[in-house]
Every structure is written in structure tokens, then in C-alpha cells.
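**Q** Chain by chain, the residues:
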Amino acid sequence: METAGAERAGRTAHAGHAGHAGHAGHAGHADWDGLVGAALLGTERRRGGSPRALLDEAAVQTLRRRAGLRPAQAGERPEPAPRDPRPEPPEAARRRLAQLLAGRSSGGRRGAAPDLTELLPQWLAAAVRHGYRAPAALVPALLDAARARTDLRPHALALAGSRGLWLARLNPDWRFALRGGAAGMPELPGPQDREGVERLWQEGLFAERVALLGAVRAHDPAAATALLATTWTAERAEDRLMFLDSLRVGLSGLDEPFLEAALGDRSRNVRATAAELLSALTGSALAGRMAERALACVGPEGIDPPAECDAGMLRDGVVKRPPAGRGERAWWLGQLVEAAPLSRWRERFGGLDPAAIVALPVGDGWAEELHAAWCRAAVRQRDPQWSKALLGSPSAPPAAGPGTASLAERAKLLSVLPEGERADWVAEFVRAHGLSEAFQLLGVCVVPWAGPLGRAVVDALDAAREAGGYPWSFSGVMGLAERCLDPADAARLEALTRAPADTTETSPGAAAYWEEAFQRLASTLHLRASMLAELIPPS
Amino acid sequence: MTEQGVRWTAEQVLALAPDDASRKAGGKLGGAGPWSQTGGSASGVVWGLCKGSGRTPYRTVVDLTGPAYKCSCPSRKFPCKHALGLLLLWAAEGVGVPAEAPEWAGEWLAERAARAARPAAAKPVDEEAARKRAERRAARIGAGVTELEQRLVDLLRGGLAGQEQAGYGAWEETAARMVDAQAPGLATRVRELGTIPGCGPGWPARMLEEFALLHLLDQAWLGVSGLPEQLAATVRTRVGLAPSAEGEAVRDHWLVLSQYDSVSPDGRLTTRRIWLRGLASGRPALVLDFGPPGRPPGLALPVGLVLEAEARFRPGSAGLRADLGERCAAAVPGGPAPAGVSTEAALEAYGAALREDPWLESWPVVLGPVVPVPGELGWQLADLEGTSALPVPLAGPGGGSRSGLWQLAAVSGGGPVTVFGEVGHRGFTPLTAWQPDSPEPVALV
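In order, the protein sequences belong to chains A and B.
Per full-length UniProt numbering, the very first residue in the first sequence carries number 1; after that it's consecutive.
Per full-length UniProt numbering, the very first residue in the second sequence carries number 1; after that it's consecutive.
Chain B extracted, bound-state conformation (with noise of 0.2 Å):
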């Protein structure tokens, strides 16, 4: 199968860009306007020539497996909108009958190619090495461990209530010492520890939660070689280990249900959290991504396409963490929107999990038929029977999207629809949306 026989839609390309800017900038130049000595290769590339505002054109290569992106603008965005005014037009009217790529846009193909037929270099391993490595770790994060225990009895041995006035100084301190040993998941957490009394009435419940899964986390650290090897590998990525081992390798036809981004409270990182379902295993898996400031992840696969590819599960983390491997085919529009489950079914669900992860905050589910109720102390999901539903957060993934929520609502109409979303402790985030007489995914985020 080519790219050239199933085109995009605007909204995939679009779902590409890697800000707001581009794509509005990349919308505007999605006509033949700008563009000349268009075309495209059967095996999936276009290339075009775009005139900017001085004498020479911008020299615009895609090649759609990747996909992957070449301009001579100056852009440092990525994809530049050039980029993406080309697959606009693509996605649009198409660029007429495969041809042979131009000089210029070839040599960049025939240079990926080369790069990607180069094998890694192959490092030789000193395993003595890496395995005193290792330990030195371990050692570091064990004592870590224990100064966190620590400081959690002396904390509630005194009790919390003086903590609504210690603000997040106190915790930031504590993160530094998990950093300096080497555990940045614990130091994710104890950070966030300084937020929860500013959260408002509640707090004292939030906040002995959250103490409780640290100290379940740390004692589980301790004894971390007695538990069984999933649970264990759990711990490892939970404290903030890279894995040890490869996992399991899926090939299925994956479904885009969900793609979006997130940055962390300094600003420093941005995540691309991917969410898959296996068409034929039924397997969740979720693909995560980083971009540094101002640049987006690199990885961007539209919500509603279906690919074929090899999905490497990480161990432990109730097996939702998997790396893209090479795919086999081009990626192609989905089908018919995935089935769904009751509310009741949703938590169960996320129940389940909590056994393979009890520090697991969400789980994906595919909720269906519902009915969102908007209300005014939030929303909820209800159960076509009328009796059960799940709240949504107020606040959801990229910073709480309201427009998402009406976008849900306007696709409902006060109807059943089919969602995808996260439900945890918290509810329901929904990110995608079907309507009943339509396969088309709506992306809520």
C-alpha cells in the first residue's frame, strides 16, 4: 500500500504542528497559492516549492512514513509550516500522478536512507562495570529512601496540620535530596507534595494519600528483591530507573485513540503522551515522547489513524509504556469507533490495574454509550440507564480543556456518544469522542 492511495485529513495534518502558531501559519498555506513544481513519489513522499517572501522559494521535502521533514526555510519549528501547508494541499487536492522526486528533494531521501540502513555502532559492554555501577545506585537511592521514610514519620508524628503554612520551600529541599540520589521519580513526588495543601478543602485526606503510596513505594524498594519479577520491575520505573530489560514485542494494527501534550511546571519539558489500542490483542499501550522548550516531540501520529507496527512493551507499569518499533505499513485512516464500556465496567478496569501498579493515577478506557451532563459543579458521563456516571476533573490534560468539554457536549447534543478518555481516583478525562453515526474521532485536547 502507498501513502499516495490514502490520504490524510487537515485534522491529522494539523494535529502535527507543533504549536498553535503553525498551524495557523501552516493553514494559510495550504492553498496552490504558494506552491509550485508540487508532486509525489508512490512510495510516500511529496515535495514542493514554496515562495516565501524573498526571490527564492522555500524547498519543501515530506516524506509520509516518517513522517519525516525537510525545508531550507529558516524555521526552527518542526514541522515548519511550510511542511505543513504541503501536506494541507496534499491532504486537499492531492499532487497528481506519482513521480520520480526532483534532484534537491532526493538527495535528502537518498541521505536518510543511507543513515537509516547504517547500523548503531555497537558499543562493547563492560559488564563488570555496569554492574558496580548498579549498585553504587542502588546503595545511593536506599539511603534516600530511608532519609524519605524518615522524614514522613517525623511528619506525621508531629501532625500535618502546620503544613497548610509551610508552603513548598520545606518539599523542595526534600526533592533536592532525591535528585542528588538518584531517584527522580521520588523526587516528582515529594515535589508535588508541596502543592497538595493549596489545593483547597480536602487537602489533609490528599495529602495522607499521597504520603501512603511514597512510603508503600518506598518500603516496596526495600524489598524490592523479594517481589515478583513484574511487580518489582514496577518499583524500579516508579523510584525513576531506566528499565533493565526489553519487554515483550506486540505486532498488531495499532488505533490512535488519543495524542496530547503537556509541560512541566518549570516549562522545561514538553510530553507527548500517545495513547494505542491493538485492534486485534485489545491491548492498551501507551508511547511517550519529549521535546525540549520550544520544540515539540518529534513523534505525531493523528488521532483516528491505524498503523501497522511492532509495539515493545516496557516491563512493569501494568504494561501500559511500550516504544514504537519499525512499522510495516503506512499509517491509514481507522475504521469504525472502537466499542465501549460501561461506567461501572471503566473502574472496575482501573481497579484491575491497580494490582499490576497500586501507584498507577489513571487507566484507558473506551466509554460507551454515555451521555456527558454538564453541570455547574462539574461534568459527568452518565450511563445510558440514567443512574451511574463518572465526574470529570476540572482540571484535564494541557491545562484543562473547557473547549474540549463544549466540543463534547456539541458532538453529544445531549445524546449517547462514545469516549475515550483516562479514568483514575480522580474520574474521567475525556480526550476523544465519537458520534454514533459517524466514524469520525473527534480530539477533545
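Chain A extracted, bound-state conformation (with noise of 0.2 Å):
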């Protein structure tokens, strides 16, 4: 703000006023700074200065500098944000991401007291799923909460949106919003824009081309591939991998010509990674030609693995040297059997089924090498029924398994079963083997539990507790089942939190422990519930 010159009339009519008011009406001329210079040097210095007289000048010289004060002159403002035009949430819905984002970083033991910071991600998640926007003034808190949790990150900004990438410009706290794929991006050309979507891959970001890449694949996938060869051997031996990469969504058939050429691309990792979605095609060429060389070294007969690795596989991708450690023609072996399709097999073996197959006895110490592959090919090809075959028996000790003892392995082999099949398949190793190798099978579950999972879950938890464990031995278990279970079986758990209080001398107070984690999941779960009926979608 600036002081208005002592010569403006309307102004000065103030402060003579507001003067009257200290008896200090004979406002004199000399200026504010004036004033202040005598304040600082002294009065004595000054000759015929008196302090009384400085001091009413200076009253006088006060209230008419303020109530004379003028608007500054304004800065640059900033661009406006672009409009978002998705709707805001549901006003209820909008409270509870305002309590929600109000209670996530909230420490120290929890209590019976539901777990927000469970919930939020949820929240995040279902709301980007009906198309809603953040409603703007909560989108700093939003930001805020994805810069300390990076999990958040992807739903937080799709919320935020355009006002979310607008602020982020502003304060280099939201810096990593800009950072991320779609952040910061101008908008995409529609795919029929040939002008546009040609000008945006000549000169675009990377990011951008990645994205644009991607929109029109979803829209024409020959005319993605079209537009990549335009380029390719210009780009950067890292661009094209990533390229390639990005074609991993949505492959089909029509990629195979292309993926067929980067074959014979100058950089190994591009060659290996065209080599392994190629394998992925199980129709393609590549994949009738490692199948011939996988079923020449494999069979009812025996297993005979490859003697060298000669120029046609290394052009379809297989890797010479084994690491350090494996023997080179185990490492080619499963090299083949892994990109060879697996319903080759069948025919291989006289007939049989997936699961007579895996069953047949493996010589010379190849089971696991054979059953390795035979798991990495059927999470490749995404075959239920060969992830089955390699699961084996829920009930079954993990060891005793078929194809793989690893949890990791399994529930990669799981996330390729139907929703259906994969729940009971857990339900069943949950009721087997307890809660305490579930994490990652349960990991890979479809939210909501269904209802035999949860159940299973529940029961499990309730003979921990039985058996004299305390609840923070389960806590990743009891973190998966706050945001999973089906908000049905609150019920179920509510008994369980009446249940009689027995005391175990080897866990002393575990029972009122168990009471509270109960309550706080049930109560988890009914705050889930009423957040997901909130969040309506929009009509």
C-alpha cells in the first residue's frame, strides 16, 4: 500500500479529524521521514527541536498516513487454472475426505478407534473411479498427504487434477506433482488429429509421447505402431525400450510384425524385452519357434536340454550367459520352456491335462527348473488353467507344492486365476495354514473379501487369539483385512469383541487387546461402508 500525498484533500480531512482526537490539531508540513531521521539522531541534535513537539507531529503524521493509505499497485497475477470439469464430490462425501485427510498422520497406539489412514487410499480410489474432481479447498491438504505417502500419489493427483497441477507451480513443497507422468502435461490431441498427434510425437517431452503413444494405441493400435517405426531408429536406445515397454498394455497380434523387427535391434535389453512380449503372443512365430526347441529337449521320455545356444536363439532372445552360479544349459532350458506356449504340452505328452503334467515325475534333478518355467510361462500367458495345475492343493504344506514353495511365485499364479477361483483357493490355505504366511496370497484378493475368504480370515484371527498370540503379530494381516474385508462381516467380528475374556497365563492381557482390535476393524469397516455409500457416483 502506498500513503497518499499530504495534498489530497479527502484524505487529509481524516486525519485532521483522528488529529482532534490527541489535541493535536496543528498538523504541520514536514514530512513522515523527516520525522523519523529526528526520532533516531535525537531532538538535542537538532536546534529548537523539542521531543513533545516531534511527538505530536508525529501522531498527527500516523493517522493520516494511515487512514490515507491506498491500494499498491497488483502484481503479475498467475494464469487462471485451467476448468475441471468433472463434478465434486457428494457434500457428505466431501466431509469425510476432509476428516480423513484432517487424521492421517495421527501416531501412537490406535486404540479401538477406526484406522483413517486405511481408509483414505480407499476413498482416493473410489472417487477417481466415478469421475469426481477434489473439491478445491481441500486439495492442499491433498497434496500434502500424497507428498508424504507416495501410495497416494496416482489417485491424489488424478483428483486434484488441473488445480493440483496449478498449485504445484506455485509451491516448490508439491514440486514432485509436476514430476510424474501426466503431470504438467498440455492436453492431448484426439487420436484422429493426425496433425497434432504428428507435431506432439516430433516435438513432444518424452512423457508426452509415452502418453500420446498410449492414447492412440487404445484408439487404433496399428496406427501406434505406425507412428512408432516412423522414429524408431532415431530414438535413444533407453527411449525405445520404454517404448516397447509401454506396449505391454493392450498387446495383441497386430504388435507382432513390429515387435518381430525389434528383433534385430542394435540394443540387447530392446531385442530381450521384444523377444519376451513376443513369447507373450502365443500365436506369434517367435513362440512356434522356441515351442519347437522346448518340446525337442522336454517330454514323456525325458528331459534333454539344449547343448549350445546357437544364432536363431539368440535372435529370439535367449541369453547366452547364465549367472553366476546356474549351469548353462539348465538356464537355456528354462529359457524356452518359459516363452514356449503351454498348450503345446498337451499334445507332448500324450493327451494329458495341465495338472497330470505338472504331476508326472521330473528326472535327474530338473523338477524345479521344469516347474520354474512352467510358472513364469503361465503367469506370462495369463493361463488359469496352468496356474492352477502349478498352485496345487490349498491344503497342501507349501513345501509339498507341485510348482513353487515361493509366496511371491504363488501369488503371481494366483492374480492369473478368476476372482472366484483365487478367493476360495486362499480361503482354503488361510483355514489350512493360518493367517501367518497369507499376507501376500491375501494381497493379491479382489476387494471386497468375498464371503468364504472373509470368513476364513476372521475365524483365523479368532483362533490366534485362542491360541494366545497378541493382535500386533497379525497387524499386516489386520491392515489387509481394515481395508478389504466386506463391511458384512462387521457382524461376525462384533461377537468376537463379546466374546468371554479368558485369561491365558502365557499372554498376559492379550484378551482386552484382542477385544480392541476387534471393535477397531468392525468399526473400520462400518466407516467403510458408509464412506463408500457417500461417495455415490455422480448422475
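In short, the hints are calculated from the structure, not lab data.
Take the hints with a grain of salt, since some may be wrong.
Claimed, not checked - Label pairs and their computed distance ranges (CB to CB):
id : chain 1 : residue 1 : chain 2 : residue 2 : range
1  : B       : Gly200    : A       : Pro121    : 42 to 50 Å
2  : A       : Glu79     : B       : Glu100    : 57 to 65 Å
3  : A       : Gly283    : B       : Pro436    : 52 to 60 Å
4  : B       : Ser75     : A       : Pro121    : 30 to 38 Å
5  : A       : Arg248    : B       : Ser403    : 35 to 43 Å
6  : B       : Gly200    : A       : Pro172    : 18 to 26 Å
7  : B       : Arg402    : A       : Gly283    : 57 to 65 Å
8  : B       : Gly335    : A       : Asp220    : 47 to 55 Å
9  : B       : Arg402    : A       : Ser267    : 44 to 52 Å
The structure displayed is predicted, hence computed values, not measured ones.
The beta-carbon is built from N, C-alpha and C at its ideal position, and this holds for glycine as well.
Both chains are sitting in their own frames, so use the hints and assemble them into the complex.
**A** And the structure:
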């Protein structure tokens, strides 16, 4: 703000009046800086100056300045944020989000209160799914939350939308929002806008081009690979690799010619990725070549791994040098089997189904190598029948399974099964083996958990309590249950909170902790139910 | 109208929370999980049993007309997390059909009603003694004022240049003398003088301003008997005397524009400022409430609420200070955003108010439409024409709420907003904002 000159008549009226209040009416014209100078040096050093006169004069000037304030020159305004056409969530849901964001940083023992941090990601995901935008007033809190928790970022940024990016450009704390793929990106041209697509493809930043490729591909896969081919040889190796990797989504036979050509790429990584993608296309020529090789090595009569890695194998992406500690023939065999279409084995093994093939004894200690390769193939080719066969029976001890004892591998195989079968398999596993190894497997099940799975988990928690453990030994599963249990299961949990307190000597006080844990689980489920009910899709 | 008819929003409930911890704890209890036997009456009382860590659940009752709270938990927070949780539950889901209060809630309500009905015992007034007391105090203040004047004069004679090294001890002593002289208003101003030399460049000008205003107050006190009545009342209030006369009573629908707390530098007192605006009279009102350490002020009025009540304005101080009298009806969520004025008009309003109270630091205004302009050196609120702007002071109320500024920016998105705040010689401090397309206020502090 600026102080108007004393000559501004309208203003001096104010100052004069205010001055009257202090009986300092004889307003002089000494300028303010002069008064400040006199005050600093002291009136002694100024001939004829009296401190009282200085104070009188300063009082008049102070009020004159205050009463005569004028607006300052406006600075340059920020460019307005682009309009976000998405609707805001309904009022109740907006309030819920404010509450979840306010409660996100609460630490310490949680007691019986519901766990809001487990619910925030779900709220965000549901709101994104329904096509809502974040209420503007909550965008800063949302960005703060996303800053602290990277797992929240994709959904938080999607909800914050253009308003979030606009804010992030103003505040260095939120710069992370500008780094991500879609962040800060100008609107992509429509897939039909040939000129716009061409221009962005030629001139855009790498992230923009990846996004553009995805958009074009969703509309017309052949056009996307054609676009890629226009600049392919001029791209840097690491960019070629990333572009190739982005083809993973929506991979189809239409991509085969392009991938086949990429098998002759200068870069080894690009070649390997092209080969991997082709092997996932079970009808591809590469898959056929790999099948010929694999079928020659593995059959009912036994295992005969390849004796050498020839030029054809190399061109089809087989890596010649094994990692330290592994025999090269076993290494080659694994790569051949992994890339061969699983459907070809039935014929090779005289019409046996996958379960029967997997159950066959394998000689000379090749079982582990062969089964591991089949597991990788089942995941890559997303073959539920083979996945099921390799998972074996959920109630058998993990180590005795036909395919793999590794929980991570098993989780991958599970993710290939249809949702219902997946949940049933994990439910059965939990009933047989308890919860201590179930975490990763539960993580691939669809939310909310199907009835039998929910029941199995609740029963297992109850069994753990009876066995005399403490609830925090199961905090991982508890957290998952808060996010994933169907709210309909809350009633059963509440029954457990009222279970009689049995005093076990091994774990004193455990009963009360369990009661509290079950109560927290139940109230989180209630909260989750009402949270999701509030977030109705926009009309 | 009953409270059951109009539920509050969660923000309004959370605004009642005494501190952040309670806000969080209350938020967690805002679901049906821990609650049983919840209910509400037609007269605006809600109750419920909340499961805690013990065997017996806590009994929580809230009378929404106060609001007043009662809970059997041992917490000293007020309202406690259970009361907040109950209110959140009620705000989100309601508590069903109005019913009779259970016995345990009824007892407290009956007690409360009885206490309200009992008239305050009238004390016999000894006018003669009171007059003598007032005279003695005036004489003491007079002596204090004269001493203070002398101090200012001495300092100016020698020059302020040495003040940077003086530190604040020197002023603490003078402030203590003003406390002895029973002039707490002067003591506060004097104490603040000690902090000015540490404020960076421009301190001599600020110091001279404060000296001048202090001098003005000293002189005004010495001549108080000759001043017009309102100005005399202002001077007395500024010096630190309680108002002698009851002020004007204005009945109106009061819109709550802002509520925020500040803690005194020594941490011993929390002051809650509540800004109201009469919907019919257009009059601004400032209601203050105080709380000792760790206990927030009891009065809580969430932003955006409208309450019909009588406000009693204290004489002097530009007619801002008011006390809320009896409320005629329960509070209801307010209507659309109030109409705003230009940056120029806002400064004019402050200038005009200085006539009534030359010591006024700021004046409440609704500004708008304006565009927040973030800047490295400081933020501004600019008129739509884009030429005039008010700067936002770096340290706002409540310890300079940067997050409030970001919220303001987020709400605006570079476009126009309506903002309520305090405009003064340092600039405009935003307190509440409205988006153009929404009646919902966004509290920035």
C-alpha cells in the first residue's frame, strides 16, 4: 500500500479529525522521513526541536498516513487454472475426505478407534473411479498427504487434477506433482487429429510422447506402431526400451510385425524385451520357434537340455551367459520352456491335462528348473489352467506343492486365476495354514473379499486369539482386513468383541487387546461402508 | 425451529474442537462403531453411550443450543472427543426420531435448566465506595501516564538509535510500572515496543509510530474529561479500564464470518476472536472469549452459521466489541456469501473507523471479487480490474497461517473469490473465503 500525499484533500480530512482526538490539531507539513530521522538522532542535536512537538507531529502524521492508505499496484496475476469439468463429490463425501485428511498423521497406539489411514486410499480410488474431482479447498491437504505418502500419489493427483498442477507450480513443496508422467502435460491431441498427433510426436517431451502413444494405441493399435516406426531408428536405446515396454498394455497380434522387427535391434535390452513380448503372444512365430526348441528338450521320455545356444536362439532373445552359479544348459532350458506356449505340452505328453503333466515325476533333478519355467510361462501367458495346476492343493504344505514354494511366485500365479477361484484357493489356504504366511496371497484377492475368504480370515484371527498370541503379531493381516473385508462381516467381528475374556497365562492382557483390535476392525468396516455409500456415482 | 431439523456440517462440529489432537480423536469417534443408545430430543439435545477402553461406556450429552457438553469421561478437554464424536455422528447420520432423554442425560439437563432459571444474586452496590475506588484508580493511571510521557520524551531527546542494543528488558520494566499503575492497556503497548527493534529494516519508523500513538493515548487520557463520550470510552478501554456503561443492544441475525484463537506471548491466555456480521443491520461485531492454558475458550461458533441473538455493543472502540446476549433461536447454516467491496473501499472503511478509534489496527471487511496473487515477496489480493491490490501481511493471526493462504489460492484457482478478513495499515489478513459458485465458506485460519 502507499500513503497518499498530504495534499490529497479528501484524506487530510480524516487525519485532521483523528488528530483532533489527540489534541494535536496543528498539523505541520514536515515530511514523515524527516520525523523518523529526527527521532533516530534525537531532538537534542536538532536546533530548536522539542521531543513533545516531535511526538505531536508524529501522531498527526501516523494517523494521516494510516487513514490515507491507498491500494498498491497489483502484481502479475497467475494464469487461471484450467476449468475442471468433473463434478465435486456429494457433500457428505466431501466432509469425509476432510476428516480423513485431517486424521492421516495421527500416530501412537490406535486403540479401538477406526484406522483412517487405511481408508484414505480407498476413498481416493473410489472417487477417481466415479470421475469426481477433489473439492478445491482440500487440494492443498491432499497434496500434502500425497507428498508424505507416495502410494497415494497416483489417485491424489488424478483427483486434484488441473487445480492441483496449477497449485504445484506455485509451491515448491508440491513439485513432486509435476514430475510424474501425466503431470504438467498439455492436453493430448485427439487420436484422429493427425496433425496434432504428428506434431506432438515429433516435438513433445518423452513423457508426453509415451502418453500420446498410449492414447493412439487405445484407439487404433496399428496406427500406434506405425507412428512408433516413423522415428524408431532415431530414438535413443533407453527410449526405445521404454516405448517397447509401454506396448505391454493391450498387447495383441497386431503388434507382432513390429516386435519381430525389433528382434534385430541394436540394443540387447530392446531385443530381449521384444522377445519377451512376442512369447506372451502365444500365436506368434517366435512362440512357435521356441515351442519347437522346448518340445525337443522336454517330453514324456525325460529331459534333454539344449547342448548349445545357437544364433537362432540368440536372435529369439535367449541370453547366452547364465548368472553366476547356474549351469548354462539349465539356464537355456529355462528360457526355452518359459517362452513356449503352454498349450503345446498337452500333445507332447500324449493328451494329459496340465495337472497331470505337472504331477509327472521329473528325472535327474530337473523338476525345480522345469516347474519354475512353467510358472513363469503361466504368469506371462495368463493361463489359469496351468496356474491352478502349478499352485496345487491349497491345503497341502507349501513346500510339497508341485510348482513353487515361493509365496511371491504363488501370489503371481494366483493373480492369473479368475476372481472367485482365487478367493476360494486363498480361503482354503488360510484354513489349512493360518495367517502367518497368507499376507502376500491375500494381497492379490479382489476387494471386498468374497464371503468364504472373509469368514476364513475372521476365523483364523479368532483362532490366533485362542492360541494365545497378541494381535500385533498379525498387524499386517489386520491392516489388510481393514481395507479389504466386506463390511457385511462386521457383525461377526462384533460378536467376537463380546467373547468371554479367557485369561491365558502365556500372554497376559491379550484378551483386552484382541477385543480392542476386533472392535477397531469392526468400526473401520462400518466407517468404510458409510464412506463408500456416501460416494455415490455422479448422476 | 428445532436443531434436529437443521444438522451442522462436520466442519462446524470440528470447529468446536479445543485443539488438533481432539479434532483427530473426535473424528475417529464420528462413526457408528463405538456408539450405542444414541438419541436426540426435539429440543436440540443429543446423547449416546461411547465405548471406551474400560468396561463401562462413557455417557455423553450435548445441548446444541449452548452448545453445552457433559461427558462422564475424565478428559479435561472441553468439549471432549466423545462429545465431538457424537456431534459428528449426528452431523453425518442423525440420531433418528426425536425421543425422551434417558434418565442419566435428563438429570444433567434438569440441573442445567435449574441453574439457568436461578437469577444471579444481586449484590448491594455501595456507590460511594465505588466512586472512591474509581477516583483512586484514575489518579494512579494519571501518575503512570505522566511517567510514561516523560520516558518517551527522554528517549526522543537522546534519539532512538541506541534502541537496537537496548533489548527488551528496558521496556519490561516500564511495562511493569504500567501494571502497577493499573493501566494494563498501556502495559501491553509498552511491552510490544521492546519487540520492534528486532523486526528488521524500517524499525525506526514503526517505533516512532508506536511512540506517537502511545503519546496520543497518554494525552487523550490526561484530557479525557473534555472528550466526546464515545471517544472517551475508547480511550478508557484502550488504557485498560472495563467499560462503565452498558452499550447499545442490537437484535439481528448474525452471520459468523470467522473464528480464530491466538495465544498470548507468555502462553498464559488463549484469546478467541469471533467476527459476526448482522444480516439486517450490516453491522460488524467482534466477540471475544478467553481461556486459561490448555483450556480453550468455551464459546464456539462455527463459520457460516447464522444465529438470531441480541448483541450488546460496548461503548467506544469504533463500536466493534460486542457480547452476545440471549439467543432467540438455534443457529442455522447460513445462506449465500456476503457481498464484497473493492480494495479501495476496504481501506476507506479502515480510514473512517480510525476517526472513532485512532488506535485501531485493523477493520473487518468482506473483500470481493478479488484474485489472490501469490508472490515470492508476499501475497496480494487484487481487484478484478487488475490494477489495485492489498498486500497480505506475512504473519497472520494464529501464527501466520501459510496453509490458509494456500487454501485461498486453491479455492481461487487464479479466479475471483470473496474473502473476509481484517484490513489495516499492514495490509489485509484473509480469514474466510467463498468460491463464486458456492455458498459454503472456507475457513482459512
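**Q** Against this structure, judge whether each hint is valid.
**A** These are the hints, each one checked on the structure:
no.	hint	result
1	B/Gly200 <-> A/Pro121: 42 to 50 Å	45 Å, holds
2	A/Glu79 <-> B/Glu100: 57 to 65 Å	60 Å, holds
3	A/Gly283 <-> B/Pro436: 52 to 60 Å	58 Å, holds
4	B/Ser75 <-> A/Pro121: 30 to 38 Å	31 Å, holds
5	A/Arg248 <-> B/Ser403: 35 to 43 Å	41 Å, holds
6	B/Gly200 <-> A/Pro172: 18 to 26 Å	23 Å, holds
7	B/Arg402 <-> A/Gly283: 57 to 65 Å	60 Å, holds
8	B/Gly335 <-> A/Asp220: 47 to 55 Å	52 Å, holds
9	B/Arg402 <-> A/Ser267: 44 to 52 Å	48 Å, holds
In this structure, none of the earlier numbered hints is contradicted; all agree with it.
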